[in-house]
Amino acid sequence: MNFKRVEIIFLFTFLAIDIFLFGMYQQNQNLQSENVSQGDSNSTIIKEMKNDQIKVGKLSDEEQAAYYVSGTRTNTLQQKMGQLTNQSTSFNDYELTSEFTQPINVAQDAPQETINKMLTDSTFILYGQQYQYSKELSDANTLVYTQKALGRNIYSAVGQIRFEINDQHQLIGYTQRYLEDIKSLREKSETISEERALIWLYQYNEIPNNTRIKWSKLEYTKLVNIDDNCVLIPTWVVAIKYNNSPTIQIKRINAFTGSIIKDSTSNIKAATNS
41 MNFKRVEIIF LFTFLAIDIF LFGMYQQNQN LQSENVSQGD SNSTIIKEMK NDQIKVGKLS
101 DEEQAAYYVS GTRTNTLQQK MGQLTNQSTS FNDYELTSEF TQPINVAQDA PQETINKMLT
161 DSTFILYGQQ YQYSKELSDA NTLVYTQKAL GRNIYSAVGQ IRFEINDQHQ LIGYTQRYLE
221 DIKSLREKSE TISEERALIW LYQYNEIPNN TRIKWSKLEY TKLVNIDDNC VLIPTWVVAI
281 KYNNSPTIQI KRINAFTGSI IKDSTSNIKA ATNS
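In the numbering used here, the protein residues as written are 41 to 314.
FYI, nobody ran anything at the bench for these hints, they're computed from the structure. A few of these clues could be false.
What the hints assert, rightly or not - Simulated DEER-style distance windows between Cβ atoms:
1. ALA150 - SER83: 35 to 43 Å
2. GLN142 - ASP179: 22 to 30 Å
3. LYS175 - LYS228: 39 to 47 Å
Unchecked claim - Derived pair list, reagent style SDA-like, types lysine to any residue, alpha-carbon separation capped at 20 Å:
4. LYS254 - VAL198
5. LYS254 - THR287
6. LYS157 - GLU204
7. LYS262 - VAL184
8. LYS262 - ALA105
9. LYS228 - LEU263
10. LYS157 - ILE212
11. LYS175 - VAL198
12. LYS98 - PRO248
13. LYS223 - LYS87
14. LYS87 - ASN283
15. LYS175 - THR215
16. LYS281 - ASP92
17. LYS281 - ILE301
This one's a predicted model, so the numbers in the text were calculated from it and none came from an experiment. Positions of the beta carbon are idealized from the N, C-alpha and C atoms, including for glycine.
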């Protein structure tokens with residue numbers, strides 16, 4: 041595909057995205073005006089949340105800034121996996137799967153420290169220094185590392201490594217997806233604040249009663265794939281923990297428009313910390 045054709049595809053795609061996002065924004069504005077009176081303040085709504093037994097810590101009301109981002113899915117991992125040692129590998133649908141020939145012992149209380157020291161070794165993992173450990177997405181048997189993208193991390197499978205740990209506290213393998221040529225598609229723009237994101241989730245009835253906000257992060261998640269190109273948007277990713285339950289549920293809200301991002305999966309997993 042020549043460069044001119046790629047330019048045309050991106051132009052028409054972003055026109056379509058603009059129209060789609062504007063429609064969502066208008067819909068959200070209508071919904072907000074129906075559900076929230078002019079006199080409601082953020083503090084009043086936070087108080088309502090607490091009255092509904094929703095535990096919320098201190099929320100930032102500071103607006104931040106981020107980009108529309110693109111990255112390219114390629115077969116680079118497949119082309120370079122021959123340099124990996126002491127592991128058997130396979131590649132399918134842009135994902136590298138590895139199983140270590142001999143399990144690697146890791147610290148029981150901080151297994152990520154063992155992995156962090158090995159990320160610079162290209163015979164252990166490819167492009168390891170471009171990933172960062174995510175405590176929020178990890179659990180006892182899966183350590184998730186997210187790819188870095190223009191000052192934030194990618195909270196979608198398109199840019200993650202998932203290390204598998206067995207019950208003997210040994211690293212036995214991993215899966216990896218990697219985006220190349222990560223770049224901004226537009227100038228940096230303001231996002232909604234953490235406080236506003238939580239308030240809108242509450243107003244959309246996305247935060248049940250008798251829960252607590254475990255954590256919230258402003259990161260990049262996938263919006264759409266265009267051929268081998270992936271478009272990412274800044275997203276408030278919010279973890280909700282149910283009281284007296286070992287599970288948490290992940291909610292996502294577009295940090296530019298405030299619209300809910302629905303996922304094809306339930307996003308429910310075991311909570312690793314209380």
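Non-conforming hints, listed in increasing numerical order: Per hint list: 3, 4, 13 violated.
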